[in-house]
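The residues making up each chain are set out below.
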Amino acid sequence: MQPLFLHPRDIDLSAPHLFWGAAPDAALTDSLAALGQVTPALVLETDGRPILAAGSRRAAALRELKGRTLCALALPEADPDASDHPLAPDGGPLSLPLRLGLIYLASNLGRAVTDAMAAAAGRYFVPLVGVDGFLALAGPQLFAPDDRRGRLVARWLTLPPALDALLASGHVPLGAGERLAALAPEDLNAFMPLLAAVRWSRGSLSAALAFLTEAARLAGETPAATLSRSGLLDLPGRGLSPNDLTAGLLAGLRRLRYPAVTTLEARFTALSRELSRGSRVKIRPSQGFESDSATFEVTVKSRQELSKAAADLAAMAAAPALPRLLAVAQEDVSEEPGEKT
Amino acid sequence: MSPPLWDITALAVDAAVAETPMAARARAALPEAAVTVLAAGDPLPQAPNGGRGLHVKAHPGRFLRPCPATRHYRCCGYQIIHIGENCPMDCSYCILRAYFRDRTLTAFANTEAMFAELGRVFGRDPSRLFRVGTGQFADALALEPITGHTRELLGFLAGHPNVVLELKSKTADLTWMEADPDPKTVLPSWSLNAPAIVAAQERDTASLEARLSAAQACVQAGYRVCLHFDPICWFEGWEREYAATVDMIFDFLAPDDIAYVSLGSFRCLPELPGRLMAEGRELPRYMLGEFTIGPDGKTRLLRPLRVRQLRFMARRLAGHGFSRGLYCCMESDEVWRAALGQAPRELGGLAAHLLARAHNPGGTRPCS
Numbered sequence: 001m002q003p004l005f006l007h008p009r010d011i012d013l014s015a016p017h018l019f020w021g022a023a024p025d026a027a028l029t030d031s032l033a034a035l036g037q038v039t040p041a042l043v044l045e046t047d048g049r050p051i052l053a054a055g056s057r058r059a060a061a062l063r064e065l066k067g068r069t070l071c072a073l074a075l076p077e078a079d080p081d082a083s084d085h086p087l088a089p090d091g092g093p094l095s096l097p098l099r100l101g102l103i104y105l106a107s108n109l110g111r112a113v114t115d116a117m118a119a120a121a122g123r124y125f126v127p128l129v130g131v132d133g134f135l136a137l138a139g140p141q142l143f144a145p146d147d148r149r150g151r152l153v154a155r156w157l158t159l160p161p162a163l164d165a166l167l168a169s170g171h172v173p174l175g176a177g178e179r180l181a182a183l184a185p186e187d188l189n190a191f192m193p194l195l196a197a198v199r200w201s202r203g204s205l206s207a208a209l210a211f212l213t214e215a216a217r218l219a220g221e222t223p224a225a226t227l228s229r230s231g232l233l234d235l236p237g238r239g240l241s242p243n244d245l246t247a248g249l250l251a252g253l254r255r256l257r258y259p260a261v262t263t264l265e266a267r268f269t270a271l272s273r274e275l276s277r278g279s280r281v282k283i284r285p286s287q288g289f290e291s292d293s294a295t296f297e298v299t300v301k302s303r304q305e306l307s308k309a310a311a312d313l314a315a316m317a318a319a320p321a322l323p324r325l326l327a328v329a330q331e332d333v334s335e336e337p338g339e340k341t
Numbered sequence: 342m343s344p345p346l347w348d349i350t351a352l353a354v355d356a357a358v359a360e361t362p363m364a365a366r367a368r369a370a371l372p373e374a375a376v377t378v379l380a381a382g383d384p385l386p387q388a389p390n391g392g393r394g395l396h397v398k399a400h401p402g403r404f405l406r407p408c409p410a411t412r413h414y415r416c417c418g419y420q421i422i423h424i425g426e427n428c429p430m431d432c433s434y435c436i437l438r439a440y441f442r443d444r445t446l447t448a449f450a451n452t453e454a455m456f457a458e459l460g461r462v463f464g465r466d467p468s469r470l471f472r473v474g475t476g477q478f479a480d481a482l483a484l485e486p487i488t489g490h491t492r493e494l495l496g497f498l499a500g501h502p503n504v505v506l507e508l509k510s511k512t513a514d515l516t517w518m519e520a521d522p523d524p525k526t527v528l529p530s531w532s533l534n535a536p537a538i539v540a541a542q543e544r545d546t547a548s549l550e551a552r553l554s555a556a557q558a559c560v561q562a563g564y565r566v567c568l569h570f571d572p573i574c575w576f577e578g579w580e581r582e583y584a585a586t587v588d589m590i591f592d593f594l595a596p597d598d599i600a601y602v603s604l605g606s607f608r609c610l611p612e613l614p615g616r617l618m619a620e621g622r623e624l625p626r627y628m629l630g631e632f633t634i635g636p637d638g639k640t641r642l643l644r645p646l647r648v649r650q651l652r653f654m655a656r657r658l659a660g661h662g663f664s665r666g667l668y669c670c671m672e673s674d675e676v677w678r679a680a681l682g683q684a685p686r687e688l689g690g691l692a693a694h695l696l697a698r699a700h701n702p703g704g705t706r707p708c709s
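Quick mapping for you: the protein sequence lines, in order, are chains A and B.
Under my numbering, think of the first position of the first sequence as 1, with each following residue one higher.
Under my numbering, think of the first position of the second sequence as 342, with each following residue one higher.
Everything labelled a hint here was simulated from the structure, so no lab data went into it.
Some clues are possibly wrong.
[Unchecked claim] Footprint (simulated), chain B over chain A, 3 or more residues, beta carbon under 8 Å: (1) 26-33; (2) 216-226; (3) 257-265; (4) 327-333.
C-beta atoms are modelled at their ideal positions from N, C-alpha and C, and glycine is treated no differently.
Chain B extracted, bound-state conformation (with noise of 0.2 Å):
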């Protein structure tokens, strides 16, 4: 018998959402765990031998929310559709390790109410355009074997072709291809890190290989991919880790495959450090670095230091033919000029700017 997905034994259904078809297709997703519906009220029931648990539920506030940015640096604007919570894959720089009291994967199962709330903003105004995500609070697809989410938002979103839906993941799935979206309304994106902290930071996730040929695999089905550089980690031997990821990518991918690039230097909130060790974990070298604490409160390495890690992955990805569609996530202006030259002042701001390579593959604003 095979292991369970994700390892997951128990189900926890709340029973408002008992009846939807998302949580039938955790059952059948997962024919072994162990099922639990819940009153309100009820606690999480422990996950037997050792597993986690899956709480499939209602969510009772707003679905769309803009990223959780700080007024200190420059957000690319990002709009997040809030699935789920939490995540199987155990990367240890992962802010929703300090963001969240437990670990309990959540799936959002009123979809019905999701749906019933994007509407009326997409709906509003058909010209107005949107770049949203379900990859801030979870991997956007590693539950999408169990939940099927993915794949029902797009059929959804097939009625607002004014909306790009970027997919962010550490996975290779692309079952959500099932559900045949216009590739021009979809940005297939994975988080791509050093060979080495791929190996010793994230746990569980797929391979950069095999990130990159799901992304290829996109592109082949007609499809633009995102690529994103987040955390980019300060540790001995650095610059050569990242240069054979950049490099790695243009054996997959042409230049012009991809909308955008992002850059991030790791950034945590101060007490991220102390849960990992909590966990019993050795605390990893490349957060020893230099850090300071910014003015948004995060620890942050220290600016030239920050600076120099943007740069060198700048001029690598130019190197390879790539620069239009790179940008810095939350990052001041100082760093901005510093590593790409510019300012997002001078891209007509990011958000614009991004807006603009989501839906347009030249990159150029569209008429609207």
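The shape of chain A in the complex, shown without the other chains (with noise of 0.2 Å):
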């Protein structure tokens, strides 16, 4: 190998199989300009000219340093054993755009790989040897042998490049791919703003996609249509905290999937509320409203504490909204909460 020099206006950093290309930070620019370049790059040289194979973020931090230049090793075209390759797909020579891919990958080993790495590692390598070919050569260095995430992985590039950056940000998790796959892709671009105004976890996402989509085929229209009509999409843009936005988002959507469920509840919540006002007591409705029962719960620490709490429980026996409240599921649940009276 052969120490090259280069200016680094010189090189492609946008080259595709630089796929975890990233700005460089202060901290490798001032150790650059402060020590120069302890470690080189790597390039292959084709037709004499050089293609960045990796160190495409000291190549951009020297860009920003004047006057110097890229110390890089220059790679052989093609690799010498190339005919019998063993990772070649097809057992030929490996090609070009595949060794760069796995070269930048080789350089980059013992980096720990996040989802979104991996997602980008597989949008370069799928369109060149489809998702098997992906994770038989690339995944041995993605993944330990016994990380699911390869599987996550393959499922998560059916779905539109978009949502990588959701996946990079934290929004969405890889094991959501399996789920938003399932959507259709008018569905998926409805659901967009709602994925990227939280950051969902896989559970919460889950559940939110099956409340819309099961809500939309109960309405016999598409989960776009459902939300759309839904009033949800305006929730982002309420200034509701993180964690109020998802409870909100959440329950929304479980009202549209359970109707009659939720009015029930939030009579029930109405009464109990409404009964146990200035106590301690909890008021829990029957095991699915099941019965004409409920049972109240208070926790005391003192003889004053126990008192009181008689007294209120004696005062809720004595209350109009006590009879309604143990009758709450006899009454019809297509009326909106508080219709009754």
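Dock chain one against chain two, each of which comes alone in its own frame, and use the hints as you go.
Have a look at this one:
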């Protein structure tokens, strides 16, 4: 390998095989300024023109330092053992794009690979060798042998690339790929504003999508149509805290899916609040509202607190709201909460 | 060549019952099936040509057992004679899908042991009345042309007039009538559902018309019949659909022809939808209802919605003059009162009420 000294502006830093390329941070730039380049970049020479194979952040940082060149080691254009390269998908020599991608991965070995990085690698390799080829060629460099992320990434790659940014930003987890992939493109598109509004966990996103798709199926319309008439797309603009926004979206989607259940719950909550106002007694409905009963629960730490709780319970026993609360499941749930007095 | 009955292409017979009359009947009824006699511990053979297998074996446990009810809801007191497991028909809501590990059709051929046990129970006090059925872990009549199980059982029960046998089925098979039982001791019964559910969710079952025609034939032969609306499913247009079925009943039967009618809203073990999807089937829309988990751990439609279903059915049936023999299957007193206007206690207890209906056309309690 021969060392080359290249002007960093002569090098293409946006080549697709540099799929983890990122802007240099101040620490790298300062280090290069103070100590010089301590690790050479890698280039492949094709037709006398060097292609950067690894070291894009160093090259980008050196562009900012006046008069500095990039020190790079030149790898031969073709692997001398290419004819029997074990990684070649068809048993032949590796194509240049594949070789560049694999060199880039090899030069990053040991680096912690995030889900978004694995997806970015997949976006590069899959058009070249397909999903199975990607997992066979790049999988060992990306995932530990017992890491099931390979299959999750494969599923993720069926999604539009626009979603990769949400994976990188932590708004959408890799494990949600399967759920999202089940949506029709127009439904996924309709849901995008909500995907970007919240940092979803796999469980909460799975529940949200189940509520939405099932509600749509029951209504005989598309999830996009259900979402559009729900008013939930306005929720992110209301200045709610992240937790409140997530809770609000999930509650709204659940209301769409379970209008009768949530109506009953709302009626029970309103009546129990009315009944227990000013006391520490908590009131729970029967399991699934199956019986005309409720559980009254209070925790006490002293004789006085118990006396107070007893007095509160006695007042509740005499309250007009109690029979309504106990019989809440007898009412017609097609009415909105509060309609019935 | 006609296709094999229920697509059964493999008949596996345990060596212990290989010489029983039932095994012989099965061999005769399935002449094209690959027959294997299994020694203890032998695995079941794979059914050839993508068909299914029938396993004829001995049942090692008790044959008579109570319905696997729960204490949280009112049970009808049905007692099961365990004649086999699984069903060749394919209903998406079928609880057997979640009950059993596999779907192998099984028939118990050690009927001598069964009759010995039943004889001890039924013969102990001939004045004690029983209401029993065979259609809990299997369709009572689906395999009858192959096993002749019911004919054999009816022959045995001829000596026990204190027992009424209910034969619950979705077939129109009436070959059991060849046993010529006393019509007062048999209640042929059919599960009914909305036409849309029958068409889309009950594969390989007899049509509603065929079931009701079979019921009519039974009535003409002197039997009373039972009908079961279970599960009643919640879907768009369910009222219109169930009304059509209720109305159809009375094109074939008069109210007095019916001993009782059960109503049960769809409920299931929570794992049932997953099992269905694991078979590669789309979840039916009725399984996307507003369900909650009841105190028995089963998924049930939200109570007010169930009440709406059951009340609708009760009113429709009452409109045709049928109300006294109506009951809710596995429901609470709250639902009974809301839907039918009374709780089982006011009928003298559900099990006693149905026992009376089963043994007495008037439905009053017989003197014993």
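Against the structure, the hints:
By the rule of at least three residues with a Cβ nearer than 8 Å to a Cβ of chain B, the coverage given for the region 26-33 of chain A is violated, with 0 such residues. With 3 residues carrying a beta carbon less than 8 Å from a beta carbon of chain B, the region 216-226 of chain A meets the three-residue requirement, and the given coverage holds. For the region 257-265 of chain A, the assignment as covered by chain B holds, since 5 residues bring a beta-carbon within under 8 Å of that chain's beta-carbons and 3 suffice. With a cut-off of 8 Å between beta carbons, the region 327-333 of chain A has 5 residues touching chain B; three or more are needed, and the interface restraint holds.
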